[in-house]
Structures are given as C-alpha cells and as structure tokens.
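All chains should be built: construct the whole structure from the sequences, respecting the hints.
Per the numbering used here, residue 1 is the first one in the sequence shown, and the count goes up by one each step.
Be careful, since some hints might not be right.
No farther apart than 20 Å at their CA atoms in a straight line, the calculated lysine to aspartate or glutamate pairs in the EDC-like style are these [as the list claims (entries may be wrong)]:
1) 240 <-> 201
2) 9 <-> 225
3) 195 <-> 242
4) 9 <-> 200
5) 145 <-> 108
6) 152 <-> 57
7) 145 <-> 53
8) 195 <-> 132
9) 192 <-> 140
10) 160 <-> 54
11) 133 <-> 50
12) 96 <-> 83
13) 167 <-> 18
14) 22 <-> 174
15) 159 <-> 54
16) 102 <-> 132
17) 96 <-> 108
18) 152 <-> 140
19) 247 <-> 200
20) 247 <-> 201
21) 30 <-> 18
22) 30 <-> 174
If you anchor each label on the Cβ, the simulated ranges turn out as follows [unchecked claim]:
23) 224 <-> 120: 27 to 33 Å
24) 206 <-> 120: 20 to 26 Å
25) 181 <-> 84: 49 to 55 Å
26) 245 <-> 128: 23 to 29 Å
27) 231 <-> 162: 39 to 45 Å
28) 11 <-> 168: 16 to 22 Å
29) 104 <-> 217: 28 to 34 Å
30) 237 <-> 49: 25 to 31 Å
31) 162 <-> 63: 21 to 27 Å
32) 168 <-> 42: 19 to 25 Å
I should point out that these hints are in silico values taken from the structure, not numbers from a laboratory.
The model shown is predicted, which means the values in this text are computed figures rather than measured ones.
Note that beta-carbon positions come from the ideal geometry of N, C-alpha and C, so glycine has one too.
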Amino acid sequence: VWSEALNDKINSAYAYGEAKKKGAGFILAKAEVQTIIGQPVHYGAAINFDQFEELIDFLGGVEINIESSFIDKEFPIAGRENDLCVDDPEYKCRYKTVSFTKGITLMDGQTTLNFVRSRYALGSEGTDFAREKRQQKVIEAIKNKLIALVKKLDLNQYKKLYNLMDKLVKRNIDNQQVAIILKNIVFMKNFKQEKIVLSEDFFINPVTNLERYDGLWVLTPINDDMGIIHKYIDCRLIQKSDCEQLKPKRKEDS
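Here it is in structure tokens:
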C-alpha cells in the first residue's frame, strides 16, 4: 500500500524508522498502519519470513490447507541472484520450480518458506493478494501450534520456545504484558478471534500517473478514500451483519 508520508510503500516504514533511530521502526510502522485501518495499534512484532523456517521446524511443521494447486517456475534460488548462467540471457540457472497441490499438507520450514515467498505462479496464485493470503494461512497455523504447545505445560519446551522467539522476534511489548494477554485473552475458553482481511475490494493498482509512485507496483485505496476502509473495520469490530455493503464502489462502476 502506498504511503504519501513516506513517499514509498508502507512495507518500508519499519526500516526507515530504524535507520533514523533504534526502536523508531515500530513507531513509524504503527503510525502508517493506523492511517490505513483507522484504529489504534498498541504493540508491534517483526519477524523476517526467512526466519520462520527455524520456528516451524521447532514446532514440528504446520498443516496448511492449500486452496488451489499452483506451479512457480521462476522461484529464486538463494545465493544465485547474480549468477551469469554461462551467458544465458534468460538467467534460468537463477531459478527453480516449486509446486503445491490442493489439499491439506504438513509442511516443514523450507516448504512453508517456498509457499509464502512464491511470486510468479501461473494464474490467480501469482498475485500479491494471493501471496498475502498464503502468508496469513501460515501465521494462523503457527499461532495454533504455539497455543497447543503452551497448553501442554512442558517447562522444557517453554524454555526452548522462549529462547527461540526471543532470538527471532523483535517486539515492543515486554514479557509481562505478553503473559497478561495470553492468560486473560488468548487462553480464555470463550476467546474468539476476529480476522479482518482488506482484499482487492478496497484497493486498485494504479496504471496512470506512475511517476507519482516512483515506478513501483503499489496499491491505493479505491477512489483515494481511506475513510471507507475505516468505516468497514469499525463495522466488523462491533460485529454488525451488514458490513459488506460498506465495501466501496469504483468510480467506473458507479
């Protein structure tokens, strides 16, 4: 999503903040997310998806329901980004083929990493929205595995998990606050998670005035109206039944 304040995509907010001052990455990233969703963001956590591999293997893998089979023949091979491929103009040696079959699959860390990083699959799975949906599936699966592990009351595993999470995850919430949230919210019997996905219904990929976006592939709110997104999220949070009616109509559809 494009940020006018950053003059870049919001993905860069954390890095920009950290470059200015250590610890400022979360401040800037939270401010940018708040601008989009219209809700306060109290805490933040950051993890490089490449590091998920170690966490997922520790958890014994994750089960993912693959909704559609897909093949990506241009998956980059780590370490071969600059390989000249013996003067092959298409640089085919830099890439490998990864494929996934529809259905429930137990994935190890490396397979999961391929699943969330794939960008060039044929068809609908080659879009950014599809990739982000896959990432959400993985995050949900990891969360479920973590909750199951914590409920086993295995102090040995607790210690290993704590050390691993401390190494992999940057956060601006202390251990005491995490414990309070887990005890009073996540582990409550009536705990209900509300997942709100901002799909392509709310955004467009601009095809004109591209110099404004420095040539980047970006998303902007439909009709340049972030307020509609705010109203939709407000509606979902208070669990009204008619929230779908708030999804924006494109100018060309009006």
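>> Hint by hint, where does the structure go against what was stated? Just the numbers, ascending.
In response: none
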